[in-house]
Amino acid sequence: MDAPVIRFAGVSRTYPMEGELVEALRGIDLEIEQGELMAIMGPSGSGKSTMMHIAGLLDTLSRGRYELEGEDVSSLSKNQRADIRNRRIGFIFQSFNLLARCSALENVELPMLYHRPGVAERRERAMAALEAVGMADRAQHLPRQLSGGQQQRVAVARALVNRPALILADEPTGNLDTRTGREIIRLLSSLHQQGITVVLVTHDPEVGRAMRRRIFLRDGLLERDEAA
Amino acid sequence: MDILGTVIRLALRGLMAYKARSLLTMLGIIIGIGAVIVMISVGRGANASIQKQISDLGANMLMVYSGSTKKGGVKGGHGSKPTLRVADAQAIARECPAVAEVTHITLRSSQVVAGEKNWNTTVYGTTASYPVVRDWRMEQGEFLTNQHMRSAANVAVLGATVVKNLFSPGEPALGGKIRINNVPFTVIGVLASKGSDPHGRDQDDTLFVPYTTFSRKLHGRRLPGVVNVIALSARSKRLVPEAKREVEELLRQKHRIAPGAEDDFSVRALDEYAQMADKTMDIMTILLTSVAAISLVVGGIGIMNIMLVSVTERTREIGIRMAVGARERDVLVQFLTEAMTMSVLGGVLGTLLGVGAAKAVGWATGWMSPIDVDAILLATLFSAGVGVFFGYYPARQASRMDLIEALRYE
Ligand SMILES: Nc1ncnc2c1ncn2[C@@H]1O[C@H](COP(=O)(O)OP(=O)(O)OP(=O)(O)O)[C@@H](O)[C@H]1O
Ligand SMILES: [Mg+2]
Chain A
1 MDAPVIRFAG VSRTYPMEGE LVEALRGIDL EIEQGELMAI MGPSGSGKST MMHIAGLLDT
61 LSRGRYELEG EDVSSLSKNQ RADIRNRRIG FIFQSFNLLA RCSALENVEL PMLYHRPGVA
121 ERRERAMAAL EAVGMADRAQ HLPRQLSGGQ QQRVAVARAL VNRPALILAD EPTGNLDTRT
181 GREIIRLLSS LHQQGITVVL VTHDPEVGRA MRRRIFLRDG LLERDEAA
Chain B
1 MDILGTVIRL ALRGLMAYKA RSLLTMLGII IGIGAVIVMI SVGRGANASI QKQISDLGAN
61 MLMVYSGSTK KGGVKGGHGS KPTLRVADAQ AIARECPAVA EVTHITLRSS QVVAGEKNWN
121 TTVYGTTASY PVVRDWRMEQ GEFLTNQHMR SAANVAVLGA TVVKNLFSPG EPALGGKIRI
181 NNVPFTVIGV LASKGSDPHG RDQDDTLFVP YTTFSRKLHG RRLPGVVNVI ALSARSKRLV
241 PEAKREVEEL LRQKHRIAPG AEDDFSVRAL DEYAQMADKT MDIMTILLTS VAAISLVVGG
301 IGIMNIMLVS VTERTREIGI RMAVGARERD VLVQFLTEAM TMSVLGGVLG TLLGVGAAKA
361 VGWATGWMSP IDVDAILLAT LFSAGVGVFF GYYPARQASR MDLIEALRYE
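Protein sequences appear in the order of chains A and B. Heads up, the first sequence is in my numbering, so the first residue is 1 and it goes up one at a time. Heads up, the second sequence is in my numbering, so the first residue is 1 and it goes up one at a time.
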């Protein structure tokens, strides 16, 4: 049996805030196996985003240990974390986070700028990723010429393009209407069917129920862990 | 390489998004580089034209004047004491191995008449080798010969300005009859036009007669055998100092000047004038280099300022790039490239401006203002350097940004 994709052991995160320490995560133990499709739920301020940022190596942990695919990544350098973000993890944000001055295609190419395949391969792979999310015909559009749902599809393509083993999505439907949101969830589920581990944060109980596994956070602690 | 291409393309797009701001930022560099290019090429053009005038006076030429110039001022300056003689010139020709040709000049302003017209010019009594020393070609006819010297013939060679003032257009000067101080002469040659000397004097406003004729029939009776100037040419440019030394030694001996006593003559090499012109050029170069340095620094600070603003404005973009895997170095390179693109673009625009202005100045003054490829390359390199130097601090700020903070930035 392979090592879990994510393994948290006593993971804590504190932020200094006006002289005090805010405890966003207070000792989380969690394992996420390869090929899981999982939702993280919980009230606002419970630490969902913090947990995603740590899992995505966007943020560092204050205490505890984090193993990614069996490898300890708790105390890597900035550049090492950048490399892992680039090659092994795709991150999807609530607010899409596309570069406003770049076309859809260029946005999808962005991670490959730092991974250096040749120009032709870069274009080809970016087009394939846009194809996979149904956005190939909008490759030359700028983000502001696209609807929210379309922008989020481009963001999904960007997360996919370096063929990561893990995709993390922090409230990917938060800025979308229900119907468009469902389409994005369907898109993410289809990625899961291709063997990618998908973890997403959602407030929508119906979306949560559609996942194989749900965990619930409260005040920085893991409150409940239920499998469907 | 294609990564750099992409980065530059993005940098240009960023600059285009804020055209006015970018242009104003580049203005310092544009003006700095432009000014340098103009001044370098105009300065070189001016220097080249001075150097050409000097070499037109005669290649490798030295002049011997009577009287010392070593103490200058109080004494009357060149030629104030009649100490040089024809015999000195002849001795130099005989005894100085580094000297190629020697001539001497006695001169006097005189009234010259031809038919109805008359003109006041400087009449030179000289020898047959004068045009060789001065590197002066004939337009028509011939120069004075040794035969003319021996017979003290009444023949004259005219400069172009004199011809213009004594003869009507179309009227042949050659063979013409003229009178100098009422003494009749026949014109046997006309010299090619030489233009102005470095002091702005018209070199063509002269008339030459054999020195023997000059001293016996025109002006020389008061001081027989005395000349105003001995002019000579060294065998090569390299031998100019050697020739100077030999002539000085010989004349001290002939004039019986005791060791340590002051010379009663002075020898001047023409390349001393050339060196003076070069020195002026050097001072100008220092001046313009400091102007350039100041404007480049000012321009650089402008770039640094705008880059700091840009880094703050684009905090979120930096966060996004880092989130998808940009390393510190990638962000650093991106912002350095933007700063460099701005400064190099400024340098290129400045160069175009400078070349245009230099052409205009060259056209207006008639100086050849060579546009120097070296100067352009140097300007480009310098502006790139300014971009790197002043872009580094903002780029480092960008690359050190905290990822989570940057992503939360609104
Ligand atoms: N960078 C930070 N600096 C200071 N405090 C932070 C920071 N990030 C998170 N926090 C605090 O940590 C706690 C958890 O925040 P987090 O964003 O993880 O919550 P969340 O579960 O994602 O909430 P929401 O559902 O509103 O997105 C909050 O109290 C928040 O104020
Ligand atoms: Mg959140």
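Simulated from the structure, these hints should not be mistaken for lab results. Each residue gets a CB set at the ideal place from its N, CA and C atoms; glycine is no exception. One should not assume that every hint holds.
FRET-style restraints, in silico, Cβ to Cβ [said to hold, decoys possible]: (1) A:H115 / B:I286: 27 to 33 Å; (2) B:N305 / A:Q80: 44 to 50 Å; (3) A:G27 / B:K19: 49 to 55 Å; (4) A:D219 / B:A20: 47 to 53 Å; (5) A:H115 / B:R400: 20 to 26 Å; (6) B:V291 / A:P16: 47 to 53 Å; (7) B:V298 / A:G174: 45 to 51 Å; (8) B:I301 / A:E31: 50 to 56 Å; (9) A:D177 / B:V309: 47 to 53 Å; (10) A:E183 / B:I301: 50 to 56 Å; (11) B:L24 / A:H115: 43 to 49 Å; (12) A:G10 / B:G385: 48 to 54 Å; (13) B:G385 / A:P43: 54 to 60 Å; (14) B:Y392 / A:D219: 41 to 47 Å.
If you only want the chain A side, here are some residues facing chain B, beta carbon under 10 Å, derived [said to hold, decoys possible]: (15) D72; (16) V73; (17) S75; (18) L76; (19) I84; (20) N86; (21) R163.
Partner residues aside, some chain A positions facing chain B, computed with beta carbon under 7 Å [unchecked claim]: (22) A82; (23) F91; (24) L110.
Structure-based check of each hint:
no., hint, verdict
1, A:H115 / B:I286: 27 to 33 Å, "51 Å, violated"
2, B:N305 / A:Q80: 44 to 50 Å, "34 Å, violated"
3, A:G27 / B:K19: 49 to 55 Å, "54 Å, holds"
4, A:D219 / B:A20: 47 to 53 Å, "51 Å, holds"
5, A:H115 / B:R400: 20 to 26 Å, "22 Å, holds"
6, B:V291 / A:P16: 47 to 53 Å, "51 Å, holds"
7, B:V298 / A:G174: 45 to 51 Å, "48 Å, holds"
8, B:I301 / A:E31: 50 to 56 Å, "55 Å, holds"
9, A:D177 / B:V309: 47 to 53 Å, "37 Å, violated"
10, A:E183 / B:I301: 50 to 56 Å, "51 Å, holds"
11, B:L24 / A:H115: 43 to 49 Å, "37 Å, violated"
12, A:G10 / B:G385: 48 to 54 Å, "52 Å, holds"
13, B:G385 / A:P43: 54 to 60 Å, "56 Å, holds"
14, B:Y392 / A:D219: 41 to 47 Å, "45 Å, holds"
15, D72, "20 Å, violated"
16, V73, "15 Å, violated"
17, S75, "16 Å, violated"
18, L76, "12 Å, violated"
19, I84, "8 Å, holds"
20, N86, "2 Å, holds"
21, R163, "13 Å, violated"
22, A82, "5 Å, holds"
23, F91, "6 Å, holds"
24, L110, "5 Å, holds"
Hints 1, 2, 9, 11, 15, 16, 17, 18 and 21 from the list above are not met by this structure, while the remaining hints are.
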